[in-house]
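J.: Below are the chains, spelled out letter by letter.
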Amino acid sequence: MGSYEYRTYPYRRPPELDGGGSRRPVVIVGAGMAGPTLALSLAARGVASVVLDEDDTVSLGSRSICQAKHSLEIWDRFGIAARMVEKGITWTEGEVYLRDRPVYRFNLAPEPGHKFPAFVNLQQYYVEELLYERCAAEPLIDLRHRNKVVAVAPRDDGVTVEVETPDGRYSIEAEWLAACDGVRSPVRHMLGLPYPGEVFNDQFLIADIRLKGDLPKERRFWFYPPFHPTNSVLLHRQADDVLRVDIQLGRDADPEEEKKPANIDRRLRQMFGPDARWDHEWTSVYTFTCRMMEKFVHGRTIFVGDAAHVVSPFGARGGNAAVADADNLAWKLAVVLAGQAPAALLDTYCSERRAASHENILNSTRATDFITPKFPASRAFRDATLALARDFPFARALINSGRLSVPTSQVGSPLDTPDVDADWTGGPSPGRAMVDAPLNGSWLADQVGCDFTVLSFGSGETAPAGTTLLSVEAQGLVGQRYDARPGTTYLIRPDRYVAGRWRHFDSAVLAAALGRAMGKETAC
Amino acid sequence: MLKRDLNLTRPDEVYNAIVDAHKGLDEEQVRAFDAKLILLLANHVGDETVIREALKEAAKQ
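Those sequence lines, one after another, are chains A and B.
Quick note: the first sequence uses my numbering, first residue 1, plus one each step.
Quick note: the second sequence uses my numbering, first residue 1, plus one each step.
Treat the hints loosely; a few may be bogus.
Here are a few chain A residues that face chain B, going by a calculated C-beta distance under 7 Å [what the hints assert, rightly or not]: (1) Ala384; (2) Leu388; (3) Phe394; (4) Ala397; (5) Trp502.
Not close to chain A: a few residues of chain B, all C-beta gaps over 12 Å, as computed [what the hints assert, rightly or not]: (6) Asn7; (7) Thr9; (8) Arg10; (9) Gly24; (10) Leu40; (11) His44; (12) Glu53; (13) Lys56.
Straight-line Cα separation of at most 30 Å, DSS-like style, residue types lysine-lysine; simulated pairs [said to hold, decoys possible]: (14) Lys36(B) to Lys374(A); (15) Lys36(B) to Lys87(A); (16) Lys60(B) to Lys36(B); (17) Lys60(B) to Lys374(A).
No lab work stands behind these hints: they were computed from the structure.
Where is the CB? At the ideal position from N, CA and C, for every residue including glycine.
If we strip away everything but chain B, and leave its shape as in the complex, we get (with noise of 0.2 Å):
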């Protein structure tokens, strides 16, 4: 099950860590680094429901 409540002790270093890190990229360098992060943590969770049930939601307008 994906988790839907606060999982992380510090959200706002967390989030602003992910933003800076795409700070100066072009927008084929984003794909790029969006790419690799997705994969490594994709493997890192490892249960393929939760990948399916969190691409599922990603993909909700």
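Just chain A, same shape as in the assembly (with noise of 0.2 Å):
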């Protein structure tokens, strides 16, 4: 089964075996898509991580495919995201069907001038060679495989982590326990912390196939098609010509039994044709959950991605949910760990990023209640507009096949200086991510580092000492995406949202932002 050669990465004996090792500034729990990313996004700004990861390989089956712009942002600070493009499919387009006709098609580029497309569809697999690559290549990471944590001991000052080897067990100081073990999260088992949320009884099946013949480069999702007329189907390529076929079963279904390659095969006969040839490369029966921890971070463990939060597939708020809060946190880590800002600063990680899971989930939950209607009235309110939109427009727009990852917003973190200016037309405002835009033969999105940018419009001050300073015209795109008058001045953090901007340059009061931004002021 399947084209993908799975590769085995080499065990090595922990010096902690021979009594060697030291406490270790950060101990990150998990080398799926959040693990890697935050290792990464520490040593970019010197921190020295150790990585545990229990299995010798990357994410068995396709998992997470849908890689938004805002993670491929993140991932060519690493010098990756080329390659993820080269060898995903990239993709702005989907289109939505209502039993054999296309009702609605929607384009998620808006405009032109961005560095990395809306989307690039990749299988995860590939997304975790790639950051396990570049992680080797990074003397300040130790990623350690057939390390399998087995217990945690939370102290004030740090954390004892107890570790399973091949070699036997040894246990590590951390000052910081990130613990990105995914949704079944063991840490947060052995701290003994509850995961509140919502569970969907629908059933889908995931069968990822190798078609032979011209495959779509769009999203495409039916409601009640010919070829499956009870339910829905979502079908999304990959790279190496793999199609994704994602197919509602509804809530009776036997996964056993759908799991039976002859079934499967029959459904993917009635889709595709009776000429149609394909081989199996990845079968899965899945129902999902909405859930989310009441903290992300509990004293020096800190729960990130899908140990701390988890949706529905619908919306590709899973994978993009964690590399996000990898971001998020990287800095955080890093300046509370140089003691250049209090350890509070780490409680907006967890106040910014629960406010983005409540955004994905909700996002996620209304989707997840168009595609599997829960009562009879709910699926009157959704075939009714089914089927109003072949003829109305409005309608079309309300159909939910899942709204799509987005950078979420964080307005009223308290890191954030709120707009005084009231002559704003446009433009990111605070707590919303920063825009990319073509600047000098090169992108917005690149000059953009590990520190504090001020990015400032046609003055060229002096940027407050922890900040870098950024100076352009105030014309062309990257002037009207930023609503740019002379004068005009952004604060943006090191995870690329606004911090706060006004429309004349004043170093009195960036530096008082930039200490906001660091958590100064923030009383948690």
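Put the two chains together into one complex, using the hints given.
T.: Right under this line is the structure:
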């Protein structure tokens, strides 16, 4: 099964087994998408980490396949995003069908002039492979395969972690422990922390296949298609001519029966016709939950990605949110470890990313309720929307087959300085993600590094210490996208969110906003 | 603000047109019909505050 060749990553005897090793600033549990991204973001800021993973290979199965623009921008800092784009399938368009007819087309790229597309479809194993490769080249990262965490003991100033290896057990001391260990998070279980949320009973079948022939480079979603008239089907192209076919089975289907190759082939045959030929890559029957921990930070243990929050797959908000978590956390951990910011800054990782999770869960739950209505009236409105969509453009906009991942909003974060000038007519406001634009033959996103950035339009002032000044002309696309006039100034956080903006450059105001963004005024 | 006073020129005509449109429909057809009607009218109204106010009033016993 499968065209992807799973590499085995070697186990190396950890120094702790021979009495070596020392207290580590950061120990990361789990080498999925969040863990290595966090390790690389920390390393970019000079922070060393140990990454512990119980396995010795990448994600089994394609799993998270839609890598969003904002994730690609984060990975671009490690020099691996270009390879993801090259290997993956760039898509911006999608189509929704009702029965056998298209009712709604969308384009996720509203405008040209961004370095990265809205989405690149690339199987999670390729993403992890590139992350592992990059981690291996990074001296500050110690990625340890076949190192399974079996116990954690929290202390006031850190966490002691018990690890099992093929050569026996050892313990490792961490100042901060980042649990990036997935939806079943062993660390969360060891600490006895609850994971409240909602369980959805509808079953879905994922069949990843390699189909011979012309494949669509767009997302397709069917309600009641002729080849599966009772439910919905989602089709997504991936790298290596692989198609993700995601078939809603309903509540009462027997997963063991549905997983049988003959039954999958029967469904696919109805879908692709008598002449189609395919090979199976990966099959999975899943149900899903929407859950979120009440706090993401518990003493010196911090939960990241699926370990902290989980959504339905509709909207590509799982893996992409995990990557955004890592990016939000990395700079904060780095400045706290360097003594440049109070530990309370990390409480804003919790508040900001919980707000993001709320937004993701809300979007995901709405899409889920549209795709699998839970009560008869809900189904009646869903079907009414589909029936109206052909003739009424407004109804097409109501069709919700997944509102796809865009950077979430964290408006109202205590780190941000609210607008004081009343004449903004555009541009990202505080709490919103920065937007990319072409800049001097390159991209604005390329110019924003690991520090805070002062984006100053048409004024060559001096930026406060701890920031990088980026002075540009208030013209062109970059001027438009930031609603810029001469004097317009944005303070952009290391995770590319806007911390504040002003119509006039004022170094005292900027310094105060920077202090606030570093958590110096945060009373948590 | 949701209008509380009469806003129809020919109230009896409109009322009976709505009722008559439901004539002969079974429960499921009524539900489907009403769902479409509500969505069409909600989009026409446009104002979210008015729609939410109407939802609240309609829910009252």
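J.: Run every hint past the structure and note whether it holds.
T.: Status of the hints after comparison with the structure:
For Ala384(A), the suggested interface contact is upheld, since its CB lies about 4 Å from the closest CB of chain B, less than 7 Å. Nearest Cβ of chain B to the Cβ of Leu388(A): about 6 Å, under the 7 Å cut. The hint holds. A cut of 7 Å between beta carbons decides the hint on Phe394(A): the least distance to chain B is about 4 Å, and the hint holds. At a threshold of 7 Å, the smallest CB-CB gap from Ala397(A) to chain B is about 9 Å, leaving the interface hint violated.
For Trp502(A), the shortest C-beta to C-beta distance to chain B is roughly 32 Å, which exceeds 7 Å, and the interface hint is violated. The claim that Asn7(B) lies off the interface holds: its Cβ sits roughly 22 Å from the closest Cβ of chain A, which is beyond the 12 Å cut-off. Taking the minimum C-beta to C-beta distance to chain A, about 25 Å, the non-interface status of Thr9(B) holds against the 12 Å cut. No beta-carbon of chain A comes within 12 Å of the beta-carbon of Arg10(B); the shortest separation is about 26 Å.
Distance check for Gly24(B) against chain A: the nearest CB is about 18 Å away, which clears 12 Å, and the non-interface claim stands. Under the 12 Å C-beta cut-off, the non-interface status given to Leu40(B) relative to chain A is violated; the minimum distance is some 7 Å. With a cut of 12 Å on Cβ distances, His44(B) falls inside the contact zone with chain A, its closest approach being about 9 Å. With a closest Cβ-Cβ approach of about 19 Å to chain A, Glu53(B) is found to remain outside the 12 Å limit, as its non-interface label requires.
At roughly 17 Å from the closest C-beta of chain A, the C-beta of Lys56(B) stays outside 12 Å, upholding its exclusion from the interface. Distance hint between Lys36(B) and Lys374(A) is fulfilled; the C-alpha atoms sit about 18 Å from each other, no more than 30 Å. Between Lys36(B) and Lys87(A), the direct Cα distance comes to roughly 44 Å. Violation of the 30 Å bound is thereby established for this hinted pair. For a cut-off of 30 Å, the pair hint linking Lys60(B) to Lys36(B) stands: about 22 Å separates their Cα positions.
Annotation: proposed proximity of Lys60(B) to Lys374(A) holds, straight-line Cα distance about 23 Å (limit 30 Å).
The earlier numbered hints that this structure contradicts are 4, 5, 10, 11 and 15.
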